[in-house]
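Number of protein chains: 2
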Amino acid sequence: MKQPVYAGVDVGGTYVKIGLVTREGEIIRKTQIPSQIHQPAENMLTRAAQTIQQLLREEKSCKLKGAGIGTAGAVNVDEGILYEAPNMPDWKDEPFGRILSELLKVPVVLDNDANVAAWGEYAYGAGRGSRYMLMVTLGTGVGGGLVLDGKPYRGAEDAGGEFGHVKIDFDGWTCGCGSQGCVEAYVGTRGILKRVHTGLVHAPDSLLAKMEPEKIMPVDVSRAADQGDVLAIEVLRQTGEYLGYALSNIVNLLNIQRVVVGGGVAKAGEWILKPAYEAMRTYSMRVPGRIVDLVPAELGNSAGLVGAAWLSAFRAGDL
Amino acid sequence: MKQPVYAGVDVGGTYVKIGLVTREGEIIRKTQIPSQIHQPAENMLTRAAQTIQQLLREEKSCKLKGAGIGTAGAVNVDEGILYEAPNMPDWKDEPFGRILSELLKVPVVLDNDANVAAWGEYAYGAGRGSRYMLMVTLGTGVGGGLVLDGKPYRGAEDAGGEFGHVKIDFDGWTCGCGSQGCVEAYVGTRGILKRVHTGLVHAPDSLLAKMEPEKIMPVDVSRAADQGDVLAIEVLRQTGEYLGYALSNIVNLLNIQRVVVGGGVAKAGEWILKPAYEAMRTYSMRVPGRIVDLVPAELGNSAGLVGAAWLSAFRAGDL
Chain A
6 MKQPVYAGVD
16 VGGTYVKIGL
26 VTREGEIIRK
36 TQIPSQIHQP
46 AENMLTRAAQ
56 TIQQLLREEK
66 SCKLKGAGIG
76 TAGAVNVDEG
86 ILYEAPNMPD
96 WKDEPFGRIL
106 SELLKVPVVL
116 DNDANVAAWG
126 EYAYGAGRGS
136 RYMLMVTLGT
146 GVGGGLVLDG
156 KPYRGAEDAG
166 GEFGHVKIDF
176 DGWTCGCGSQ
186 GCVEAYVGTR
196 GILKRVHTGL
206 VHAPDSLLAK
216 MEPEKIMPVD
226 VSRAADQGDV
236 LAIEVLRQTG
246 EYLGYALSNI
256 VNLLNIQRVV
266 VGGGVAKAGE
276 WILKPAYEAM
286 RTYSMRVPGR
296 IVDLVPAELG
306 NSAGLVGAAW
316 LSAFRAGDL
Chain B
6 MKQPVYAGVD
16 VGGTYVKIGL
26 VTREGEIIRK
36 TQIPSQIHQP
46 AENMLTRAAQ
56 TIQQLLREEK
66 SCKLKGAGIG
76 TAGAVNVDEG
86 ILYEAPNMPD
96 WKDEPFGRIL
106 SELLKVPVVL
116 DNDANVAAWG
126 EYAYGAGRGS
136 RYMLMVTLGT
146 GVGGGLVLDG
156 KPYRGAEDAG
166 GEFGHVKIDF
176 DGWTCGCGSQ
186 GCVEAYVGTR
196 GILKRVHTGL
206 VHAPDSLLAK
216 MEPEKIMPVD
226 VSRAADQGDV
236 LAIEVLRQTG
246 EYLGYALSNI
256 VNLLNIQRVV
266 VGGGVAKAGE
276 WILKPAYEAM
286 RTYSMRVPGR
296 IVDLVPAELG
306 NSAGLVGAAW
316 LSAFRAGDL
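Each protein sequence line maps, in turn, to chains A and B. Here the first sequence is numbered in the working numbering, starting from 6 and rising by one per residue. Here the second sequence is numbered in the working numbering, starting from 6 and rising by one per residue.
What the hints contain is simulated information worked out from the structure, not anything from laboratory work. Treat the hints with care, as some may be off.
Here are the computed distance ranges between Cβ atoms for each label pair [as the list claims (entries may be wrong)]:
no.: 1; chain 1: B; residue 1: Met222; chain 2: A; residue 2: Gln232; range: 55 to 63 Å
no.: 2; chain 1: A; residue 1: Glu217; chain 2: B; residue 2: Gly134; range: 54 to 62 Å
no.: 3; chain 1: B; residue 1: Met222; chain 2: A; residue 2: His202; range: 47 to 55 Å
no.: 4; chain 1: B; residue 1: Tyr20; chain 2: A; residue 2: Thr287; range: 31 to 39 Å
no.: 5; chain 1: B; residue 1: Pro209; chain 2: A; residue 2: Arg136; range: 32 to 40 Å
no.: 6; chain 1: B; residue 1: Asp323; chain 2: A; residue 2: Ile38; range: 38 to 46 Å
no.: 7; chain 1: A; residue 1: Thr27; chain 2: B; residue 2: Asn48; range: 53 to 61 Å
no.: 8; chain 1: B; residue 1: Thr145; chain 2: A; residue 2: Asp95; range: 50 to 58 Å
no.: 9; chain 1: B; residue 1: Asp323; chain 2: A; residue 2: Gly183; range: 41 to 49 Å
Keep in mind it's a predicted model, so treat the numbers as computed, not measured. The C-beta atom is built at its ideal place from N, Cα and C for all residues, glycine as well.
So here's chain A without its partners, still in its complex pose (with noise of 0.2 Å):
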């Protein structure tokens, strides 16, 4: 009998990931092609079905039981659509799913890439063993996906999970929505190389004081820190704070067991992590915040991939 495997396609603006996975998020096989986002989605949707043919040619045990699409921007998940994405402005109201599966003649389930990221992470990463979770994913902007009571949880309207604009400060700093105190602005990029930039006019020994001022990431920070850079070490403490804060909000209204945090900023690691974690605890009310853990991706960006097989063995009722 052949091994049923489910294809995880995850759009980006840039690439789109691809590969074959396991019921148990056994990565078979993985590769990727271009998106060539203003290329008509039909044709990304066309080289990604015969690049999924193309891997079960390889791979003659497996049968394809049905895909995961993760993608960047608004969705709608019963009907496969993607409606629109900052970073792929030519692609409206796409119906990704329908496409698809008429493609590869099975089922085929959409979901954004912030939540295939999210279950990922619980099915087969830092998520195992907890069915309230939280995913936290920090770069330059700031995405979340949640499992509440073992099921991906979206909202009315699937546009739930925005861990980003939870608001910490309404006086605060204003966050690329528009809004006021999002922890977006704090923690996402733009936060953390505007405290450096604030903090350096105080540090001129600072190992960041060295680079040309808007040259400097955040992982040059998270560099400095590494070797013992007081201002970097300063800069990532404040984040992991500001991270903490936020995280209480969400543990003492959802009562969650598990926070996991991972993107590009969370390389920092425990300059980041150890701080928002006691900051967590701190905010938190003594019954939610006792049970809640706090601990960084396992699966990288491989996530999205394995999250998006995820759901749709999930959805087939496959696990």
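Once you have looked at the hints, place chain B on chain A.
For chain B alone, kept in the frame of chain A given last:
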């Protein structure tokens, strides 16, 4: 055939409200007994059971199918235990559910008072027709209860829904819970009165300036607003704005459809609710923000009683 009814029992620090409720949410009969919180909990439950049996004797056409208890404090829903409640300090780890079930010979479920009020409004009040709802109770403290995807939400250890301790300012006012910047510190009674006292310094002509400062209560502020008092109106407007800002957190995270606001302070009505609605919409993201509504609670202080009865019917699968 006799009409099936469910007993609702709402345990407060002073009174226990008791009623017989149909599956449709109609209160057939209700009454209340003193809580006598310094007597053993078993005494209260025995008197509650006798009261329910008396009500049943008066309504011979009804047959008791189950009972639900709402109580202040921290509870274990599955085991029917009240762990502790600040306003009933003599009762600890009381197996309310088991005791009442043995006395009444029907299944009994237990939940906390903010939750049962939310279930009541959801099933029979201002939440009808929604599937994703937050109930906010404004009073001395600020309570919350969440319905997600048509089901009561409690979190991993029944400690979720604490909307009052969602945070809005990391440098903010200290809350009764010891944490910083909780919405309760701004929109609970203390927060409202703090703004009144600060404002009176610059508003000697306010109607509120005629009262002894320490005797002013939120209801006085609300009455002064009704008479056009500028300070009172501004204090309530700010209260609404803080509330709306905090609500936008929930909207962005959970993509809920409806917010129901109840509790004593909510009697200030539009003076608080209108600015709350506007701030909630202003600070929410576009997609989740456009569907969410904010409405006053409908069931008054019967919400807990009918909600407890509803929970009993819901758990029994009778709905």
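* Confirm or reject the claim that Glu217 (chain A) and Gly134 (chain B) have a C-beta distance inside 54 to 62 Å. => Once the Cβ atoms are compared, 58 Å apart, the range 54 to 62 Å for Gly134 (chain B) and Glu217 (chain A) holds.
* Does the hinted range 50 to 58 Å hold for Thr145 (chain B) and Asp95 (chain A) at CB? -> Given about 55 Å between the Cβ atoms, the range holds.
* In this structure, is the beta-carbon distance linking Asp323 (chain B) and Ile38 (chain A) contained in 38 to 46 Å? -> 54 Å, violated
* Met222 (chain B) and His202 (chain A), beta-carbon distance inside 47 to 55 Å? -> 48 Å, holds
* Holds or violated: 31 to 39 Å for the Cβ distance of Tyr20 (chain B) and Thr287 (chain A)? -> Once the Cβ atoms are compared, 37 Å apart, the range 31 to 39 Å for Thr287 (chain A) and Tyr20 (chain B) holds.
* Asked: Between Pro209 (chain B) and Arg136 (chain A), does the beta-carbon spacing fit 32 to 40 Å?
  -> Since Pro209 (chain B) and Arg136 (chain A) have Cβ atoms about 57 Å apart, the given range 32 to 40 Å is violated.
* Asked: Does the hinted range 41 to 49 Å hold for Asp323 (chain B) and Gly183 (chain A) at CB?
  -> With Cβ atoms ~47 Å apart, the hint holds.
* Could one say that the CB atoms of Met222 (chain B) and Gln232 (chain A) fall in the range 55 to 63 Å? -> 58 Å, holds
* For Thr27 (chain A) and Asn48 (chain B), compare the CB-CB distance with the range 53 to 61 Å and indicate the outcome. => Roughly 60 Å apart at Cβ, these two residues keep to the hinted range, so it holds.
Consistency with the previously given hints fails for numbers 5 and 6, ordered from lowest to highest.
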